[in-house]
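*Asks:* Numbering (this note's numbering), first residue to last: 42 to 317.
To be clear, the hints were calculated from the coordinates, so they are not data collected in a lab. None of the values given here were measured: they were computed from a predicted structure. It is possible that part of the hints are untrue.
Claimed, not checked - Mimicking SDA-like on lysine to any residue, the simulated pairs with C-alpha atoms at most 25 Å apart in a straight line are:
no., residue 1, residue 2
1, K95, L131
2, K72, A226
3, K82, H135
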Amino acid sequence: MIINARTAPVEREYLFIDGGCLRAAVSKISKDIFGNDEAYKPLLKSFATPDFHKIYYYDAIPGRNHNEAQAAYEARIQPEFERIEKIQMLDRVHVALGQIVGANRRQKGVDVRLAVDMMTQAFRGNITRATLFAGDADFVPLIEALVAEGLHVTLWHPPQANGQLKRAADSTRLFSFRSDLKCFASDDESPAFFLNPPGGQSEPPPDAHVVFLGDGRKIAGRWRGNSLVIWVHSGSFFWNTYHLAAPDCTLQAALRAFDALVNLGIADTAEQWIQT
42 MIINARTAPV EREYLFIDGG CLRAAVSKIS KDIFGNDEAY KPLLKSFATP DFHKIYYYDA
102 IPGRNHNEAQ AAYEARIQPE FERIEKIQML DRVHVALGQI VGANRRQKGV DVRLAVDMMT
162 QAFRGNITRA TLFAGDADFV PLIEALVAEG LHVTLWHPPQ ANGQLKRAAD STRLFSFRSD
222 LKCFASDDES PAFFLNPPGG QSEPPPDAHV VFLGDGRKIA GRWRGNSLVI WVHSGSFFWN
282 TYHLAAPDCT LQAALRAFDA LVNLGIADTA EQWIQT
């Protein structure tokens, strides 16, 4: 006797990104850490990980200003189109565009398109899980509807995300400089920083300037070839060694990045004792 049985659904997850929210999150983090909201920008290729079968990216192009000549408008938005074109070239990444309109620079046609696409993919059975990068309360009804249909929804959000939005999701993931370092870039090709896990048993060189921190720890550092090496001795038998690669970066920016990642509080004084 043959018994028909329902097969378990194939696990498949898509990532949906509110591009305006992502750019705003990176700008705010850049301002908080480096004092410049334009210091770094999102690196979309770092989002295209094997965790997601497809990535849908939603963004908006600035609209034409009143009395702005067509040629001037096209020249102004050309860099935006070039940025979007690079994103469209990434494998498994699909882009949908709206427009930025009005004095308050609101996105038009982005949120609705994102919501329709998420609902469509869910109802067609194409996905069993979805991750939404967003922070706006406008997405609360969307998440609540998808969760009610049995889809597992993860909200990947900036620190300032709406509280109700976070509560609506099945799970949340905070977007931060420390946990998402590879997503920050100064160009469209590679991350701005690479931090290797700390290793032990490597003492600073004999000519290093070793200083004492206020809590009794000893520390030394070297900046060479856009690479920052920090040695920290916390009273154990070994030194902990940190390596931060910072291509196209100043020493001060590298120190601020290091502080945000390791939290030693050395950025304001390190240039006095670090070896260059």
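*Asks:* Regarding the pair K82 and H135, is the alpha-carbon distance no greater than 25 Å?
*Replies:* holds (19 Å)
*Asks:* Would you check the hint for K95 and L131, treating anything up to 25 Å between C-alpha atoms as holding?
*Replies:* Roughly 11 Å between the alpha carbons, so the hint for K95 and L131 holds.
*Asks:* Sort out whether A226 lies within 25 Å of K72, counting only the CA atoms.
*Replies:* holds (14 Å)
Checked against the numbered hints above, the structure breaks none of them.
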